[in-house]
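Using the sequences and the hints, build the whole thing.
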Amino acid sequence: MSNSARNAILAKLRVALPESSALPQLPAEGPWQKFEDPVRRFQEVLEGVGGKLVRVATVREAGEYLESDDRWVKATVRWSAVEGLGQSTIDMNAIPDPHELENVDFAVLRGGLGVAENAAVWVTDEGLRHRVLFFIPQHLALAIPARRIVHNMHEAYAAVQVSRQAFSCFISGPSKTADIEQSLVIGAHGARSLIVFLVEEWEH
Amino acid sequence: MSHPALAQQFTSDRTRAEWHDRSLWFVREKRDRMAHGVPEWELLREHASAIKLHTMSQLPHYLEQFEKNAAARGIIVHWAETADDHNRIVYEILQRHGVRRVVKSKSMLTEECHLNPFLEKRGMEVVDTDLGERIVQLRQEAPSHIVLPAIHIRKEEVGECFHEHLGTEKGASDPNYLTEAARNHLRERFCKADAGITGVNFAIAETGGFVVCTNEGNADLGVSLPKLHIACMGIEKLLPRASDLAVFLRLLARSATGQPITTYSSHFHGPREGCELHVVLVDNGRSSILQSPDFRRSLNCIRCGACMNTCPVYRRSGGHSYETTVPGPIGSILAPVREPEKHSSLPFACTLCGSCTDVCPVKIDLHHQLLAMRGHIDAKHLLPVSKKLSMKLVSAVLSRTWLYNTMGWLARVSLKWAPRFAVYNPLNGWGRQRELPIPPSATFRQMFAQRRAGRKSAESGAAAPVAREGSKSREGSQTGGQA
Ligand code: SF4
Chain A
1 MSNSARNAIL
11 AKLRVALPES
21 SALPQLPAEG
31 PWQKFEDPVR
41 RFQEVLEGVG
51 GKLVRVATVR
61 EAGEYLESDD
71 RWVKATVRWS
81 AVEGLGQSTI
91 DMNAIPDPHE
101 LENVDFAVLR
111 GGLGVAENAA
121 VWVTDEGLRH
131 RVLFFIPQHL
141 ALAIPARRIV
151 HNMHEAYAAV
161 QVSRQAFSCF
171 ISGPSKTADI
181 EQSLVIGAHG
191 ARSLIVFLVE
201 EWEH
Chain B
205 MSHPALAQQF
215 TSDRTRAEWH
225 DRSLWFVREK
235 RDRMAHGVPE
245 WELLREHASA
255 IKLHTMSQLP
265 HYLEQFEKNA
275 AARGIIVHWA
285 ETADDHNRIV
295 YEILQRHGVR
305 RVVKSKSMLT
315 EECHLNPFLE
325 KRGMEVVDTD
335 LGERIVQLRQ
345 EAPSHIVLPA
355 IHIRKEEVGE
365 CFHEHLGTEK
375 GASDPNYLTE
385 AARNHLRERF
395 CKADAGITGV
405 NFAIAETGGF
415 VVCTNEGNAD
425 LGVSLPKLHI
435 ACMGIEKLLP
445 RASDLAVFLR
455 LLARSATGQP
465 ITTYSSHFHG
475 PREGCELHVV
485 LVDNGRSSIL
495 QSPDFRRSLN
505 CIRCGACMNT
515 CPVYRRSGGH
525 SYETTVPGPI
535 GSILAPVREP
545 EKHSSLPFAC
555 TLCGSCTDVC
565 PVKIDLHHQL
575 LAMRGHIDAK
585 HLLPVSKKLS
595 MKLVSAVLSR
605 TWLYNTMGWL
615 ARVSLKWAPR
625 FAVYNPLNGW
635 GRQRELPIPP
645 SATFRQMFAQ
655 RRAGRKSAES
665 GAAAPVAREG
675 SKSREGSQTG
685 GQA
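Chains as they are written, first to last, in our numbering: chain A, 1 to 204; chain B, 205 to 687.
Simulated from the structure, these hints should not be mistaken for laboratory data. The beta carbon of each residue, even a glycine, is placed where N, CA and C say it ideally should be. No false leads were mixed into what you were given.
Taking CB as the label site, the calculated pair distances span:
hint, chain 1, residue 1, chain 2, residue 2, range
1, A, E47, B, Y381, 21 to 27 Å
2, B, R304, A, L17, 41 to 47 Å
3, B, R542, A, E47, 44 to 50 Å
4, B, W229, A, G127, 43 to 49 Å
5, A, K52, B, R391, 19 to 25 Å
Part of the chain B face toward chain A, derived, beta carbon under 10 Å:
hint, residue
6, W223
7, P243
8, L248
9, W283
10, F394
11, I408
12, L425
13, A446
14, L449
15, V451
Now the structure itself:
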């Protein structure tokens, strides 16, 4: 059935296609919005969407920051994908079923790059057994190398290869909703808080 | 029922109608601030429009490309000609996996196909996981807006609904408290679900993947736990290249809710290990719309909802008055294109102000299409007699100078001197819920002639006053139109 439906749809589309028109070129270099201080812009927008930027010199310093954060300290179940940034309390290799991650309180994951215009962080499931780790923990921290801040989405797409991983995502701030009378509530289904660590010296 | 009849029901609760109007205008203003923050906004709109037009002109090619690339990534692609076919395909996949419980994120396509009742009738539980959609689902209503499904519901009503279904405290109406309750309630559903269904915001032909945008993270939670993910999309959701996403993701959330981007923009390019990922490509009338030169541009819509938020008629009449899956300006094209008999009143639920066209991120010429649709409805003999007669009358008056002058005089005199009951009665729809303007003492032609004479005499030394009473402010005229 599938094949006949496919052919019928394609045939119907071909009956009267609109006149063909050109596909615009979208060079990564512009004319797109750029910022004098992209890190500052990233920080402003991130705070605007309910997240927090923490600039650190090293991964280790980020780990020290976490030790001062109540949400991390009080978390019973933690997991970190970044060596030297927080101690994991669970062994991901021993967890075949993502449902077992329901009780994760805090996860620290890697981000590939950050976009100044909208505070989005590019993440993928590379080397990550369960992609639900981006969504199910109560709190989330993403660590990205400081030099990987780009100005806008065009630069971002030029810098990543979207189809390399089965899953990738732009995450901008913690999860949120305004579905009840347009009042913004942070912490809808996903993370209730988001920290982005911008790490100065980091071999990613 | 027709749009005017349903709109009247909505506006009869004046406080609610005004609150609804304000809520949407608030979103519109957020959109404006965001749009003004991007210097190349207009260029982005132009690119978005051009990309869509190009894609539509080669849609079969891009669909085939998408199918091939998706299959190479282990995504199983299905084709559905009708809503019914779509529902059947989804049901069969679910059945094969022995699914009982489904979690679904927002998808206008599955609303359009009425997937929920189809699955429920066959013994499956379907939970809508977007908070707004969950609220309307529990209230057994349809969404009244494509981005803000519960925009018509007050927080006290959400409180009542949650008290009944989720056991929250009676009388509670704090959005934080209610959202927290929904979070806990839905977490349980996420963890128990056997399958996740999502919509698709954009599919990419060159990579064979697709993108789903949410703020709550419900789509991702819904498909990252169970072993089965089904994504349902209209065939018009395609984009040629991954780099096109930059344009559309920059436009979508800014236009929709005035955010710089949605919290999560998830890119799916294959199933999780040991899991299955299906994509259902649905036509359901789209190929016919593509054949219509007048209305094919409506397929460029990315469902941002901006045209609804700005529409003076939508804001004041509410989404349910349209009786369509997609309400507002774009819905008033999409619905009558398919079923003109059923939705003949919708293209008239429009003042032709053009605000929708101004905000549309993909530059659909919405108000032009709405006007064309009126002609379409007339050609199909679907206009009500009252509308046809009044149009004939107006055309007769406007094409005869003497008649136009006489009628103008009559209107001015009667508005001024006729007793209230003669003006504000059921026969005059324009006198309902509003005061008619104070008639000017002179016509435009008279003022123009006077002004000209004034200028002439000014040139020769004397000035003549210009009659301007008509533009006097109408303060305090609430009690009488004939003042
Ligand atoms: S028609 Fe334009 S403004 Fe309206 S929902 Fe579609 S994309 Fe948005």
